[in-house]
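Once you know that position 231 of the sequence shown is 231 in the numbering used here, the rest is easy, because the numbers rise by one and skip nothing.
To be clear, the hints were calculated from the coordinates, so they are not data collected in a lab.
The model shown is predicted, which means the values in this text are computed figures rather than measured ones.
Take these hints with a grain of salt, some might be off.
Said to hold, decoys possible - Taking CB as the label site, the calculated pair distances span:
| id | residue 1 | residue 2 | range |
| --- | --- | --- | --- |
| 1 | Thr61 | Leu213 | 52 to 62 Å |
| 2 | Pro53 | Leu28 | 29 to 39 Å |
| 3 | Ala220 | Pro266 | 36 to 46 Å |
| 4 | His267 | Glu186 | 16 to 26 Å |
| 5 | His267 | Arg43 | 49 to 59 Å |
| 6 | Thr22 | Leu45 | 19 to 29 Å |
| 7 | Lys276 | Pro33 | 30 to 40 Å |
| 8 | Ala34 | Asp111 | 18 to 28 Å |
| 9 | Gln181 | Pro231 | 36 to 46 Å |
| 10 | Gly122 | Pro231 | 15 to 25 Å |
| 11 | Gln118 | Ser190 | 47 to 57 Å |
| 12 | Gln59 | Ile285 | 30 to 40 Å |
| 13 | Asn182 | Pro231 | 41 to 51 Å |
| 14 | Gln293 | Pro205 | 21 to 31 Å |
Cβ atoms here follow ideal geometry from the backbone N, Cα and C, with glycine treated the same way.
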Amino acid sequence: MRPHELKLLVIFDVIMTEKSITQAAERLSMTQPAVSNAVARMRVLWKDELLVPDGRKIQPTTYAKNLWEQVRDSLHNINQAVEPVAFEAKSAKRTFRIALPDIALDALGLDMRKLFEQEAPGLNLHAVPYTIACTKPLLDDADVDLVIGQSNRSLENICSDHLFDTSYVCAMRIDHPLAKQNLTVEEFASAQHLLVSLSGDSTSPTDQALQQLGLSRRVAFTVNKFSSAVPIIKESDLIAILPTDLLHHYLGCGELAITHPPLDIPHTSISMLWHKRQSADKGLIWLRRHIKQIFIKRRTHQVEKVLNFIDS
1 MRPHELKLLV IFDVIMTEKS ITQAAERLSM TQPAVSNAVA RMRVLWKDEL LVPDGRKIQP
61 TTYAKNLWEQ VRDSLHNINQ AVEPVAFEAK SAKRTFRIAL PDIALDALGL DMRKLFEQEA
121 PGLNLHAVPY TIACTKPLLD DADVDLVIGQ SNRSLENICS DHLFDTSYVC AMRIDHPLAK
181 QNLTVEEFAS AQHLLVSLSG DSTSPTDQAL QQLGLSRRVA FTVNKFSSAV PIIKESDLIA
241 ILPTDLLHHY LGCGELAITH PPLDIPHTSI SMLWHKRQSA DKGLIWLRRH IKQIFIKRRT
301 HQVEKVLNFI DS
């Protein structure tokens, strides 16, 4: 391969990662016209359109997707070998893309932003929607740098670091007929339930736990964001099994009854996940370290607050 072709591949890799000529130019410390000229040379050299305008974005052709699939990991490994990138948070200019559910963003967002303002003013954080099924495709295609969510099985080429196990409580409006400490599993099963389902699936570990007891429930309403759950249940006859740490904001509002579920619901393991090609990425290592510290600090306080409220 001729040297100029390797340089074009490096530019191509950054464009495909950033999905933007402008952002690629910024990351490469090049002008936008220079990157556009490089794309023009790629089209001539590789005899393909490569990148097609789509509104303000660009869409890669099939040839571009196949080419990137073949070269991206090798390019990253070469770059790490010959020029391991140092990361200085104070001077770094970079955008991190993270897929995570809204409850995790609520727990992380403000502290992360304060950290950036104090220690890393050139860093940006962009959150994108999360479902379990999208984890591997998002990381394989470099659409995100990091996923925060469930990791129930080993995923090829995906690394993970456990953050915490989510426990659950039962919540309903304060004057609900079932708002009592000694709620039976039969009363629980006969109620109308709200389910938070990020994927749209209407079953959950709660249904599996009920099934083991020979019971089932009616899921009368589903939402795809945790933040939507409480406003609905506090104004309706629905009850919901919700993560313990979601409810610390509502303990003093006098609108919710919160109790332990009348059956054992398995905990959910929440992890950070990233592609193995980024395991040596100093910036991502810095980000993961701070995310873990924030979650440990915030969740310990929030969960204890809710459990103490229930048991008081």
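Check: In ascending order, which of the hints set out earlier in this document are inconsistent with the structure?
Finding: 2, 3, 8, 9, 10, 13
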